[in-house]
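Asker: What follows is each chain in one-letter form.
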Amino acid sequence: MLEVRDLAKRFGAIEAVKGVSFSVGMGEVLGFLGPNGAGKTTTMRMITGFLPPTAGSALVGGHDVAREPVAVKRLIGYLPENAPAYHSMSVTGFLQFVADVRGLRGKSRATAVDGAIQKCRLETVRHQTIGTLSKGYRQRTCFAQAILHNPQVLIMDEPTDGLDPNQKHTVRTMIKEMAHEKAIIVSTHILEEVDAICTKAIIISNGRIVANGTPAQLRARSATGRLDDLFRELTLGGPNTTRTEEG
Amino acid sequence: MEGIQNCLAVYRRELKSYFESPVAYVFLVSFLLLTGFLTFAVAHFYERQTADLEVFFTFHPWVYLLLVPAATMGLWAEERRTGTIELLLTMPVTLLQTIMGKFLAAWLFITIGIVLTFPIVLTTCYLGDPDLGVIFCGYVGSILMAGAYVSVGMFTSALTRSQVIAFVIALLVCLLLLLAGWPPVTSLFSQWAPSWLVEGIAAFSFTQQFESIKRGVIDLRDIAYYASVMVFMIAGSHTVLQNRTAA
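In order, the protein sequences belong to chains B and V.
Each residue of the first sequence is one higher than the one before, counting from -16 in the working numbering.
Each residue of the second sequence is one higher than the one before, counting from 12 in the working numbering.
Here chain B stands alone, though its shape is the one from the complex:
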């Protein structure tokens, strides 16, 4: 469903992403791990067509994002970091706008908006202005925007960042509920999330993939059998930083 080949991004002298390749199929949830500044967000921004890659390509449903950006964007639902949304709009108004831009009209628009509100448990705040919502609700509003058109590919940049444990649980449940019918990428630096929702995981450090496998495979690579030990070892520059395993 989604295939990334040697994707690279350079900002002036800084190489943010240095040739990243991976693929995600239907029904898979890929955990995208790495310390802050490793290149997770930049990689996601290239796949979603927000930033053009310096080299390499990203194919979504057979479309190259550089050549057919609109076709790719139609297939993707994207939850950017910090869940941005128009603060002066109401939840419903915002979702209606997104439905409009996504080309949904009439009855299908109303169904999509109501469905997203229901899935993200936003019924109680649907007429409230987004600026007045708590962080958890704002996150879910942006989540609703991402799943509104029932996309085949869902890309989420730190969807649980800054949420309280209950809210984290809600978001993870929502991701699990739709995992079987989508190809999903979730970036995070919370390792427990990988075990909770991911079918495979990639660890990225300094713009390179340093580990790639199922959560169990990754855990097996660590001497202690714990993911956070492997994470530390790989991202702080341990002995086997270039070896990768196919998942």
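Rather than coming from a laboratory, the hints here were simulated on the basis of the structure.
Mixed in with the good hints, there may be bad ones.
Unchecked claim - Taking beta-carbon pairs under 10 angstroms as the criterion, some of the chain B residues facing chain V (in silico):
no., residue
1, 56
2, 58
3, 69
Just so you know, these numbers come straight off a predicted model, no measurement behind them.
Ideal Cβ positions, reconstructed from N, Cα and C, are used throughout, including at glycine.
For this one, chain B is given, so just place chain V on it according to the hints.
Answerer: Frame of chain B; chain V shown alone:
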């Protein structure tokens, strides 16, 4: 067809966002007060004893100078600051459609302000027998000129995340365009630049083109002038937004 629909979705949201906040009302009231004050108190509209709106239109370039950059400064700067640009540009809409949607919304908003000055037309008709063709021309010219201001304001808004910077730069650029034919400005250039360049700059003045329009003569060249400013600034915005390195 779908492209137009998408463009309209962006346009509707933008126009609605003016009226969802106090911005629209503050702007419209200020615009009407300012044009009214300048026409009646400064230019002594009644004492002139002529049934035309020439003095009324004379002040438009100066009122726009102050107010249009204020209405356009948020178009992109605010999207960049809050991160909503990442949502907008990952929707299945081309960048040009998004830009056009925003541009048309801001232009229509200013046009609403211009149209709301209609009582002065009624007053003139009541008191005398004005040439309505000339007045109509004046309005068309004024709306065209406002479009040029809006395009400049949108361009400077695309340059930065700061609305203040966008406002100040737009004001400076518009001031330069306004004063381009004024001797103190041309003499700045005439000392070192070849005369064709000085004349070229002078011909670029907003006021020069507006002079004939407000007397009732719509010359194709004047329309072409304002249209080319808009096209140039829209293309500039496109280039700037396409080459941004982050949000």
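Asker: Next, verify each hint and record whether it holds.
Answerer: So, going through the hints one by one against the coordinates:
Using the Cβ-Cβ criterion of 10 angstroms, the hint placing residue 56 of chain B at the interface with chain V is satisfied: the shortest such distance is roughly 4 angstroms. For residue 58 of chain B, the interface hint holds, since its Cβ comes within 10 angstroms of a Cβ in chain V; the closest pair sits about 9 angstroms apart. Taken as an interface hint, residue 69 of chain B checks out: its beta carbon lies about 6 angstroms from the nearest beta carbon of chain V, inside 10 angstroms.
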